[in-house]
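Protein chains in written order, with the numbering used here: chain A, 5 to 436; chain B, 1309 to 1671; chain C, 115 to 408.
These are computed hints drawn from the structure, not numbers from a lab.
Certain hints may be false.
The calculated DSS-like cross-link candidates involving lysine-lysine, where the alpha carbons are at most 30 Å apart (straight line), are [as the list claims (entries may be wrong)]: (1) B:Lys1442 with C:Lys355; (2) A:Lys192 with A:Lys394; (3) B:Lys1442 with A:Lys364; (4) C:Lys277 with A:Lys232; (5) A:Lys99 with A:Lys60; (6) A:Lys246 with A:Lys315; (7) A:Lys345 with A:Lys309; (8) B:Lys1442 with A:Lys35; (9) A:Lys246 with A:Lys212; (10) A:Lys366 with A:Lys309; (11) A:Lys272 with A:Lys217; (12) A:Lys309 with A:Lys246.
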Amino acid sequence: MSISSKRLRTLVTTGAIGTTMALVLAGCGAKAGDEAAGSTTSAAPSCVDTSGASVKLGFLNSLTGGMAISEKTVSNVLHMAADEINADGGILGKKIEYIQEDGATDWPTFAEKTEKLLTQDCVAAIFGGWTSSSRKAVKPVVEKHNGLFFYPVQYEGLESSPNIYYTGATTNQQIIPAMDYLASQGVKKLFLAGSDYVFPRTANAIIKLYAAKLGIEIVGEEYVPLDKDDWTSQVAKIVAAKPDFIFNTINGSSNVGFVKAYYDAGLKAETTPIISVSIAEEEAPAMGHEVTGQYASWNYFQSLKTDTNPKFIESWKAYPNSSGVTSDPMEAAYISLYLYKALVEAAGSFDVDAVNAAAKAKPITFDAPEGTVTLDGENHHISKPGHIGKINSSNQFDVVWASDKFIEPDPYLEGYDWFPANIREQLVNAAG
Amino acid sequence: MTKLKPWISLGGIGLFAVLLLAVAPLLLTDHWLNNLGKYCCWAIAAVGIGLAWGRGGMLVMGQGVFFALGAYAMAMHLTLESAGDRVPGFMVLYDPLAPLPAFWEPFRSAGFTLLAIVLLPVILAGVLGYALFKRRVKGAYFAILTQALAVALATLISSTIRETGGDTGLSDFKYFFGYVLNDPANKLMVYLIAAGLLIVCLLAVRQLYRSRFGELLVATRDAEERVRFLGYDPANVKLVAFIVSALMASVGGAMFVPIVGIITPAEIGAAASILMIAGVAFGGRASLFGPALGAMAVGWGQSSLGSTWPEGWTYILGLLFIVVILFLPNGLSSLPARFAAARRKPAEKPVPAPAAELEEVRA
Amino acid sequence: MDALIAPLLNGSAQGALLLLAALGLSLTFGQMGVINMAHGEFLMLGAFAAYLVQQVISASDLSIPVALPVAFVGAGLFGLLLEVTIIQWMYRRPLDTLLVTVGVSLILQQAALQIFPSQGVPVEKPGWLDGQLTVLGYGWPLRQLFTILLATVCVAALSAWLKYTSFGRRIRATVHHRDLAETSGISTRTVDRLTFFTGSGLAGVAGVAASLIGGTNSQMGAQYIIPAFLVVAAGGIGQLKGTIIAAWTVGVALSYFAYWTTGSLAQVLAFILVIVFLQLRPQGLFTVRTRSLA
């Protein structure tokens, strides 16, 4: 039963054949530093066909897995916006034909589905994503195929891409206003609590830099894995640190555990309030009365009194599978589709380069539920109003502070002298 | 044990090689070829699971750990290759002045990286397996321990955001050992390497299964005590199978990185490790082709059914576990043998399931 | 003082919750050899039961005490259903029960996601659990005390049930020697079903406790399952006292690690602690003496 020399030979031969084939083919591929490298990295001709009566768009949201608890609503609101636009005559007279894909809370799946949408389904643009990780997985793929991706959630900034449009807030539209508000309230000691992933870590790095400038002392910083709810140990540290305010960058269900542990420990909104950047109208009901009286920094609240907001709320409530409340990420997703419509109509074409050129040519605006937002054609973010809200007993937000004008997006914090130029420079270089 | 005639299994591998290496590149679009490459990576890990679990009776529920070793070794090398002299972008923000973490440095070298992909899993599996098998940890304990390891490693990677990229993982690789990854010709090369490695792994386990070691491994699975009484040390037999399976998981992980273009802790954690098992169970744990084909089928299901009917796919995957394990413990590949046996001797029970597990848990 | 006493008390409560989650497993895994990966989802069912009870009895002071038996019976019935439809065919293949129940857990998670609001549902804490008990200067949340109390009651009830009732005697007889028990006229089928019902029901009770600590949603069960299995394994199969000590130790260790390092690192360290312990002592803290060679 020992391995005969004949079998061994077969094994070696087959292995060798495979390797040889691979190497022969490799001879044809571009190598680093080749002259060809520049040209081969540019995308193959786009397969998008908009000659028919409809235009294909891709929606990419996690419908299964952990993030489905947040992303299902974004997917629904995108469907609603598409239905609305179709009822209104479509984009450039073409009906939207959307293809819904499931990101499955798995970043490589986001990358795979992006590639599928761009190269198999030949969609003109993709909408979706929630976590920063999902966006970072999509980014290289849309850049490689020169596609378009519209990302609807507030994030940590320090990014821009010719192939991505960001309709959620960047740091200077959400976190910096929140810090300004805290400073105006005379906060001296701040505690940072977050989930252990890229957004809270980055946001807190920025908060620490700004706090130093504002003269706010950071008395503690705690992270818990995204999939863990138990915050009791960390809240004990908060009690010991006696902060004036808690800055909360926790995401998802872990927020419920945080608020419960906070309440259990006898902390109260009157004495040690929390300001959050991930708790909105959607999330608050799952936390019960314990979240009442806490603060959140967003651009949009359901309670905003604008001309367009009532219609948005009404359409959403009437929409099948609606959650009944509107929130900032939903509204940003709603904006993203309308913004795309405005861009395409300004360009007169679905072509990515034409759309990007139109964005630069003249300001594109949209009368969003949060007010009239304007696209910055250079960094692909939109202007937004800053709002701080306080959660009332019906899980709605009472606005306690609003920025006096719309805040222009500044993803790399170029207008803020406290942000070290060397970090910015390295980040821009790394983004290449 | 159903034994195929030597030429059948060898011919099967040959046919499989022709399909993967010649037919698939001709017929499939770039996107689906890339997907097939991804399934090949899972299949490589699955072949190892088939060896350890199907033949060796060790339910390895933490192959994600070894998959991670290969994947992260490769990803670190490719990240450094893309970053050039600079510190990788994601590290800059948390500490712009800090140098590259020391454990990254050696991965600049292509040779060291390739060596690490092979040696790291062998060393870890060797140490871990030696401790576990010598102390006769087996059955459910072994399964839960390995699963806990996968969870621990995934949590560790998630929380060390500056050192490993955290939950976001490592992505955006530009080069693969000097080749531009965006070039379709190079993508094809990466695919062919993965498919070729899968064929090599299949040939390797075929040899193992036909060798004296293969017989001993099955004997250890079915009656460990008897093997001991015959003068062999079952721990050593299991150790070798465990190390080989770890090595295969690592190789699968390493190829996953250039093909998929991203690696994250979610690909190596509890759910991912269980999904690897799913394919093996589905295809047939103890057969030669079952694990690889099963893993590819599950991967394909995820890509295609996960698209058209995402909620449904979760239910189907759940039902797949239940129905296959309940009614077809030896997977789909046992169906032909079952039919054949049923036709010949209707009364006889075909292909009994590995039964020696019972005492292990009860003991 | 705070730095020493707070993690000890918090950790004890964390350990108590872990114990509640592990208690049912120590029955189904320890006594029956079934590796039920859907145990975490039974825990989730208990939490949703607490929410549903709160929809009927809106006063949370009353609804949580009512929810405890409801969750026990509800999760228990689901367990019974699982036993009758699937598990009973698999007693000779324990490792395969692990894989089958992975499938069950996937299905239950997805079903919960589609049936209940995707963000999860609120479960309000009873008013009488507001407040803290001051222990050596540390304000110990009453809710934590409640978790410990609940775990104590469950352990006491379970051990009394196993020790003094005729059903309990039958269970122990079946565990010790199935064939002999059957020959003596004990219906091992009934015993199996009852054990599985009780084990799953205990997961439901743990779910009510968990609903007061974290979110009640489709994902909640997943975070308890592996730690709970580790605790049962570290305690020694079929050993209630081993499970208790292991759960408490892990809870307190987790809490001190979290106090000294970070929340994430604490998880990793606690896992490594148990894994290393199991490498050194694979049979767990306590073992039943058997004549088995292994």
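Going through the hints against the structure:
1. B:Lys1442 with C:Lys355: This hinted pair holds, its Cα atoms lying about 27 Å apart.
2. A:Lys192 with A:Lys394: holds, 20 Å
3. B:Lys1442 with A:Lys364: violated, 68 Å
4. C:Lys277 with A:Lys232: Outside the cut-off at roughly 36 Å; violated.
5. A:Lys99 with A:Lys60: holds, 9 Å
6. A:Lys246 with A:Lys315: Roughly 44 Å between the alpha carbons, so the hint for Lys246 (chain A) and Lys315 (chain A) is violated.
7. A:Lys345 with A:Lys309: holds, 25 Å
8. B:Lys1442 with A:Lys35: violated, 49 Å
9. A:Lys246 with A:Lys212: Given that 30 Å is the threshold and the Cα spacing comes to 18 Å, the pair holds.
10. A:Lys366 with A:Lys309: holds, 28 Å
11. A:Lys272 with A:Lys217: holds, 28 Å
12. A:Lys309 with A:Lys246: This hinted pair is violated, its Cα atoms lying about 37 Å apart.
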